[in-house]
Amino acid sequence: AQSVTQLGSHVSVSEGALVLLRCNYSSSVPPYLFWYVQYPNQGLQLLLKYTSAATLVKGINGFEAEFKKSETSFHLTKPSAHMSDAAEYFCAVSTDAGGTSYGKLTFGQGTILTVHP
Amino acid sequence: ETGVTQTPRHLVMGMTNKKSLKCEQHLGHNAMYWYKQSAKKPLELMFVYNFKEQTENNSVPSRFSPECPNSSHLFLHLHTLQPEDSALYLCASSQVGGGPQETQYFGPGTRLLVL
Numbered sequence: 847a848q849s850v851t852q853l854g855s856h857v858s859v860s861e862g863a864l865v866l867l868r869c870n871y872s873s874s875v876p877p878y879l880f881w882y883v884q885y886p887n888q889g890l891q892l893l894l895k896y897t898s899a900a901t902l903v904k905g906i907n908g909f910e911a912e913f914k915k916s917e918t919s920f921h922l923t924k925p926s927a928h929m930s931d932a933a934e935y936f937c938a939v940s941t942d943a944g945g946t947s948y949g950k951l952t953f954g955q956g957t958i959l960t961v962h963p
Numbered sequence: 019e020t021g022v023t024q025t026p027r028h029l030v031m032g033m034t035n036k037k038s039l040k041c042e043q044h045l046g047h048n049a050m051y052w053y054k055q056s057a058k059k060p061l062e063l064m065f066v067y068n069f070k071e072q073t074e075n076n077s078v079p080s081r082f083s084p085e086c087p088n089s090s091h092l093f094l095h096l097h098t099l100q101p102e103d104s105a106l107y108l109c110a111s112s113q114v115g116g117g118p119q120e121t122q123y124f125g126p127g128t129r130l131l132v133l
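Protein chains in written order, with this note's numbering: chain F, 847 to 963; chain R, 19 to 133.
In isolation and in its complexed conformation, chain F is listed as follows (with noise of 0.2 Å):
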C-alpha cells in the first residue's frame, strides 16, 4: 500500500519569501510522485513529477522538488513567493505495484498556501 502524508495543513509566507511545502511518502516500491495545485473553484493542475530521472525535479512558475530516497521525502519549494501562489497544494503517489498500464493516484491532506503582501 502506498500513502502520503503532507506536514501542516497551512502554511503562512510573506511575498518574497522562502516557500517550503512537505511532502513525505510510503511505499514498498519505488514511488512515482506528484506536486499538484488547486486554486480557488478549479481543479488540479500538475506543478512537476518525479518518474524515477533527475532527483531534483523543476516544475512550473518557479517551483522545484526534490526527492530523497532516504527520507522519503519530496518537498516542494520556491525561492521567493508571490501572491499568486496562494493556492492549495497537493503532493500524491502512484507505483506501479498494481501492473497497471495507467495510475492509480494517492494524494495527501493538501496544504493551503497563504502569501501576505
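Everything labelled a hint here was simulated from the structure, so no lab data went into it. Heads up, the beta-carbon is just placed ideally off N, CA and C, and yes, glycines get one too. It is possible that some hints are incorrect.
Listed below are the simulated DSS-like cross-link pairs for lysine-lysine, each with C-alpha atoms no more than 30 Å apart in a straight line [what the hints assert, rightly or not]:
no.: 1; chain 1: F; residue 1: K950; chain 2: R; residue 2: K40
no.: 2; chain 1: F; residue 1: K895; chain 2: R; residue 2: K70
no.: 3; chain 1: R; residue 1: K58; chain 2: R; residue 2: K36
no.: 4; chain 1: F; residue 1: K904; chain 2: R; residue 2: K59
Partial selection, computed: residues in chain F whose CB lies under 7 Å from chain R [to be verified]:
no.: 5; residue: Y878
no.: 6; residue: Q888
no.: 7; residue: G889
no.: 8; residue: L890
no.: 9; residue: L892
no.: 10; residue: T897
no.: 11; residue: Y948
no.: 12; residue: F953
The hints should help you fit chain R onto chain F, whose structure is shown.
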C-alpha cells in the same frame, strides 16, 4: 474546448432526485477517472475507466453509477444521494500505456450539494 471540461459546475439536488455529471476530455486520452474531494479529506479515487472498460471501483456505493460510452466522455449518474455525498467531484484523464508515471489532467469539478 481544450483539456478536460465538466458540466454542470454547480448542482443542488434533493435526496430523492436523479441527476448526472458529465465529463469530456479533448486530449486524446484513453483512461478517465472520477475523484471525490470532500472537506478535510484527501481526494478519493472513485472509478477508473481504461479504454471504456471499468477497471477500478473503490467500494463506491451503488447510488453512484458511472458510464463511459467512449474514450472522450464520462458520466456519473446520481440517485438517492445522502447529505454526506456533498463534495467536489473531479474528473481526470490520462494516456494509457505509459504506466503510473503518466500525468492525470483534471477538469474544474462539479460542486454538488445534497439537501
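Hint numbers the structure violates, sorted upward? none
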